[in-house]
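Trainee: Required output: the full structure, derived from the provided sequences and hints.
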Amino acid sequence: MKRLSLFLSTCLVASAALSSSALAATPPHFAIEGDHFLLDGKPYVIRSGEMHYPRIPRADWRDRLRKARAMGLNTITTYAFWNASEPEPGKFDFSGDHDIAAFVRTAQEEGLNVIVRPGPFVCAEWEFGGFPAWLLRTPGLRVRSLDPRFLQASAAWFKRLGQELAPLMSTRGGPILMMQVENEYGYVGNDRDYMEAIRRQMVEAGFDLPLFMSNGPGPTWMARGTLPGMLSVINFTGDAAKTERAFHRSEPLMHGMPRMAGEYWSGWYDRWSEPHNTRTADEVAGAVGWMLDHGISFNLYMVDGGTNFGWMNGANNEDGKYLPVTTSYDYDSPIDEAGRITPKYQALRKVIAAHLPKGESLPKVPASSPTIAIPRFELRESVALLDALPMLSKAQTSLTPHGMETYGQDYGLIVYRKKLDADAKGKLDVNDVHDYATVLIDGRPAGTLDRRKLEHELPVDLKTGDTLDLVVENMGRINIGNGMEEDNKGITLSVQVAGNDLTNWTVYPLPLDDLSGLTFKAGAPSQGPAFWHGSFNVSKVAGTFLDMRGWNKGNAWVNGHHLGRFWDIGPQETLYVPAAWLHEGSNDIVVLEMQDGGTHAVGGLKDPVFGGTVK
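Under this note's numbering, the first residue of the sequence shown carries the number 54, and numbering increases by one thereafter.
Hints were generated in silico from the structure; no laboratory data involved. From a predicted model like this one, the values you see are computed outputs, not experimental measurements. Here a beta-carbon is modelled for each residue, glycine too, at the ideal position from N, C-alpha and C. Check before you lean on any hint, since a few could be wrong.
What the hints assert, rightly or not - Ranges of calculated distance between the beta carbons of each label pair, as one might list FRET restraints:
| no. | residue 1 | residue 2 | range |
| --- | --- | --- | --- |
| 1 | Pro272 | Leu511 | 23 to 33 Å |
| 2 | Arg602 | Asp146 | 29 to 39 Å |
| 3 | Lys295 | Thr453 | 25 to 35 Å |
| 4 | Gly479 | Asp146 | 41 to 51 Å |
| 5 | Lys403 | Leu511 | 27 to 37 Å |
| 6 | Gly479 | Pro192 | 28 to 38 Å |
Mentor: This is the structure we're talking about:
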């Protein structure tokens, strides 16, 4: 019987009641020995839940961690998000909501251990799977491979991340017990040299604690995605019976090692135009109960899903079909997007409480985070997107259109403008649209092109002197599998009319990361995409859900914070506004609406709306 034996000293937080000074004085001993974890020489079951620091405002971290602890968890798992912390090559940002070290310390203060999954690939339905978009500025670079250009960038990422997390690792008295190498690699690849290169980069960055790998259940995925002798855990979902089968199928490659669900999917995520996903509390609690009955460690993915704020949602590529993920990442989690306690939370707390080791008890459950309703109000000021271009962008010229990365842009919208020097009639062919184009002729809407539907053509009758504007929105890069390296955004190849190339373009990158330069006027623009502006009063600060029903497609900002995207194709019909982003009195709102028609009024609801008419 192959046995995995890794002995480590670590500072595990034994109880939320212990003070930080007491923890520092008497750090418990954590080890992996054979087929079980040990804490102070006794068998130890990891009861973990996934929570992602960029998906939750920093002001709410402690509240969410405290609720996770009260549900019965003793550990929190998080990815480290490369693209959030290295927005430009060599320019790192670990401040504010990106301060992973502060998140780990807060978890420790709340009596929780931590597992970190630093990538470099994370998937997570997150933009480009966590890779920084600037990697795409290098033609031909292959992520998740032995491409030396990729490995040079990933090594720099691990080295800088190590500076943040080294003092917090279990080998140095911190709460981080283990780290994951790569993520679910067995689903897509079978290159052990690549996996070994990533493992070696992590060790060289100072991650001298237990490392593990996570893949789908069963010998095929596990064998492809795990290095020999390394702790291997499985990702899956289902009821108690399916959970038992998942571990039975995986036994050959888990034999002699601790058994653990690296991700037990307690819910699921949503994609635009598809039905809202849920999983029942009975199913999830039954599976967790079975694992606890058999001394199996677990990580609930997710315990609090949070929100894909801004442009950070990912997208799937299934059989060549592009499927972007929604702004909400609620995931039908035990703690909902607004920090509220759900029936699933109560069911899990009950089953965990029934399996606690002798002498351990659970803290009192904190109150659910409050939410408020805001009466519906009109946005009465606006500016057309085309009129706002000089306020938001510096024009660039280009013989032919290129992806936004070529112009130094990662996220947002990009406008390609061509003033016709000759008549052009026939099919306008935009090849390829990544991901949603609004076609304007002299500012008048002429149609849309949606990558989800493989749309790239529409008829036009352009006259000499007409201005053709193609407004293209990046709807989120593919976050796993085929097509990641080719997912440049904007127009990636060419624009033709009746088979003839249109050349000599003026290009306006629109990252929309600062709207302070916008100037609004009362009333509505005549036509086309526009920014709408208004304000609303709050007498009591709490979270709310902006009701976007009646709007078409676009993005919303409150007090300068980018809430994310809305789209009338469903299933998501509201946008979560955290309490931390509101203040008493007047609050500012800007909505970018891409289509004519519809309402220009918005309000706040106490509860989210999912479902509706899925188009």
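Trainee: All the hints need checking, so say for each whether the structure fits it.
Mentor: Evaluation of the provided hints:
no., hint, in the structure
1, Pro272 x Leu511: 23 to 33 Å, "violated (50 Å)"
2, Arg602 x Asp146: 29 to 39 Å, "holds (36 Å)"
3, Lys295 x Thr453: 25 to 35 Å, "violated (52 Å)"
4, Gly479 x Asp146: 41 to 51 Å, "holds (47 Å)"
5, Lys403 x Leu511: 27 to 37 Å, "violated (56 Å)"
6, Gly479 x Pro192: 28 to 38 Å, "holds (31 Å)"
Hint compliance for this structure: hints 1, 3, 5 are not met, and every other hint is.
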